[in-house]
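Here's the letter readout for the chains.
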Amino acid sequence: MAPIQPADCGCTKPKSGQGKGTEMRKVNMGKAIIVGLLGFVVWYLIYKQLEPFSHFFTYSLLGLDRNSHLGGAIQFFVYDTPKVMMLLTLVVFVIGVLRSFFTQERTRKYLAGKREIAGNVMAALLGIVTPFCSCSAVPLFLGFVQAGVPLGVTFSFLIAAPMVNEIAVILLYGLLGWKVAALYLGSGLMIAMVAGWVIGRFKLEHWIEDWVQELRAAEAVVIEEKLTWSDRIEGGREAVRDIVGKVWIYVVAGIGVGAAIHGYVPEEFMAAIMGKDAWWSVPAAVVVGIPMYSNAAGIVPVVEALLGKGAALGTVLAFMMSVIALSLPEMVILRKVLKPMLIAVFIAVVGTGILFTGYLFNILI
Amino acid sequence: MEIKVCGPGCASCEKTQKIVEAAIGATGVEAKLTKVTDFQEIAKLGIFSTPAVIIDGEVKSVGNVPKQADVEGWLKS
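Respectively, the protein sequence lines represent chains A and B.
Heads up, the first sequence is in our numbering, so the first residue is 1 and it goes up one at a time.
Heads up, the second sequence is in our numbering, so the first residue is 1 and it goes up one at a time.
Hints should not be assumed to be uniformly reliable.
[Stated by the list, open to error] A few chain A residues facing chain B, derived, Cβ under 8 angstroms: (1) 136; (2) 139; (3) 146; (4) 208; (5) 211; (6) 215.
Since the hints were derived computationally from the structure, they do not count as laboratory data.
Only a predicted model underlies this, so the values are computations on that prediction, with no experimental measurement involved.
Cβ coordinates follow ideal geometry from the N, Cα and C atoms, glycine included.
Chain B with its partners taken away, still in its complex shape (with noise of 0.2 angstroms):
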């Protein structure tokens, strides 16, 4: 499974991370996380307001710190 983190590293970017990197430790999936924190980078992918979550290709969440609940969902689907 692949995860990609866009955000240029704001405070709230840096939660997402957190909250990604335990919802991987709790469900215990097998994934690939990458921080994704060029703008143009982020801009090809579709993304316009940051952080956004993007999962095996699916865009999960743009604009908002996802709750851990919602992405340990994401990650078990």
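Excised from the complex, chain A in its bound form (with noise of 0.2 angstroms):
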């Protein structure tokens, strides 16, 4: 597999763009919540429709046999295809006006009172909701230590920044159901946490560049912005804009395979090499993976045609957590502020993690 858009960074925050968003009218609080409840209520309404619609458009409309592989698979893509766009966009918007509220300061800030334990399992979820991108790793790890952040709590929020991303939850739920999404997420949490907690066990601050230490005298310079309403909701619609334009052809293709899956692939093609009983396939899907990279889009597809394929699903969320989680020019990056030695406990202790939820998956599953 390629490499997908090594520098695809969706740091866009609320105030990008020129010049629009200021004449934009302004909105208050309650108005924006009427106007949110309404446009929710006419998402849903055009969300029920959906199904029938892909009835009727499949059936009636293009008169396919409903038994039939052709029309099946027509069906499905006519139906999946809208309902994961409209999921997409409606979770892109509401984290992006949500994310107007979590900026990478008030992170910042609030993590660094915070003791071990609890300060990874804030990291952990406020990783989630956090504007985050692969090439902000680096500054925002310098400004964890400079605010005083413990180092294990700085890992297990830049464990699941990346990782636990809603693009990926919904791409799960929208092609593999719900069951898989509430997986990926809570075991994807659970890696952040407990690998922050491990690497804050080993002390290993020294293996932090000398450099890096020097900063926490530093000060930051922090330019509070006052948003408005229609500012946050700008946020939101700059987010679908920005993020649904680049992975609509994922989910496009996502739903393409798992169509042309749904009837003409043979199954069990993956079982051998990685289905349940080859034991070694997932250490070997982590080997793989790590040095991989691809956005959580792109590497759903490839998920859904693996499992569609036979692949035991504690492999291929193996597989697909490496890809994400851990990649080659994330430690480039980080090898500027870390010893080599703390990449290394970091690489080893992230994918022991993953190793464990991959078999523990295959066994319970």
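Mind assembling these two chains? They're in different frames, but the hints should get you there.
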């Protein structure tokens, strides 16, 4: 698999874009809530019509046989594509608005006062909603160190932020169902919390590059912005334009793959190498996944294809997690602030966590 | 006037660079624009989220892409 957009950086913050937004009508909170609720009702009514429409389109309009492979594949495609796109739009919008409340500065300030364990839990959760991209990992790391956030807590954040993101969860939900999405979300958070805590226990602060240590005395420049509700809503719309505009192609590709698998590809194709019985497939999946990099949207169609061909769920999730959470480009960037030993520990601890998760799901499910 | 744009070179940083260039062009002020891409340099300036714009030593924006109208305002003052 070719790396997909290594520089794909979703770090758009509410105020991006030139000039627009300032002349936007001012919206107060009450009005924002009413408009939001109305919008949601309209969204829900359309969403509810998607399945009947896909049946009407496939079987009445195109006149395909209900029991045919082709009919099933087309109905699946016509239903799932708008379904996943609508879910994605809704969630990206809501998270985009939420993110205007969780700036990196606030997250940093908040975590600085936290002890380990509580700090690890909070850091992993904040990792979901704080704006983050792999290119901002280093400045963010520096900011955390400077603010006195414990090292283990910082790592919890650095693991959770790329791995547990809303796009991955929504795509998994749309393509593979809520159970897989929930398992991914839950185990991703657990790995971030536990791995961060373990790294914190090792007391490896001396493996941070020396020049970073000196930053503790430095003063961070913070510009507090007063955001109005119209700014926040604009932030949500900006996120939808930005993320949905980039991700839709993966969604269509993923659902296309799913539709094709529905009837055409022989199942059990991958069972021999990635099935439950191949014990070595989990470590192999993790090792293969570490140097690879893909954004969450790009990897989900692959995951779907592997699962559809008989690969075991734990093995596939382990592969997905190691591709997203551990990547060569990120290690190269982190090398500027971490000594090689600390990077090795980071990879080992997170890799072990992913390995355990993979085996656990293969045993349980 | 000395302007620094801080950022390791991601998409948002490039966008910021372009906006600042456009603002310089629009206002016609004499300005020297430098790009700071080294993390150590950036951190020394007190910047912990990128992109950031610094004009004559004063930090004008941190962690987001500024609007061109705002940049023009900073350049004129």
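Now for the hints, and whether the structure bears them out:
Given the 8 angstroms rule on beta carbons, the hint for residue 136 of chain A holds: about 6 angstroms separates it from the nearest Cβ of chain B. About 5 angstroms separates the beta-carbon of residue 139 of chain A from the nearest beta-carbon of chain B, less than 8 angstroms, and the hint is met. Look at residue 146 of chain A: its Cβ gets to within about 6 angstroms of chain B, closer than 8 angstroms, so that hint holds up. A distance limit of 8 angstroms between C-beta atoms decides the matter here; for residue 208 of chain A the minimum to chain B is near 12 angstroms, and the interface restraint is violated.
A cut of 8 angstroms between beta carbons decides the hint on residue 211 of chain A: the least distance to chain B is about 6 angstroms, and the hint holds. Annotation: interface hint on residue 215 of chain A holds; nearest CB of chain B at approximately 6 angstroms, less than 8 angstroms.
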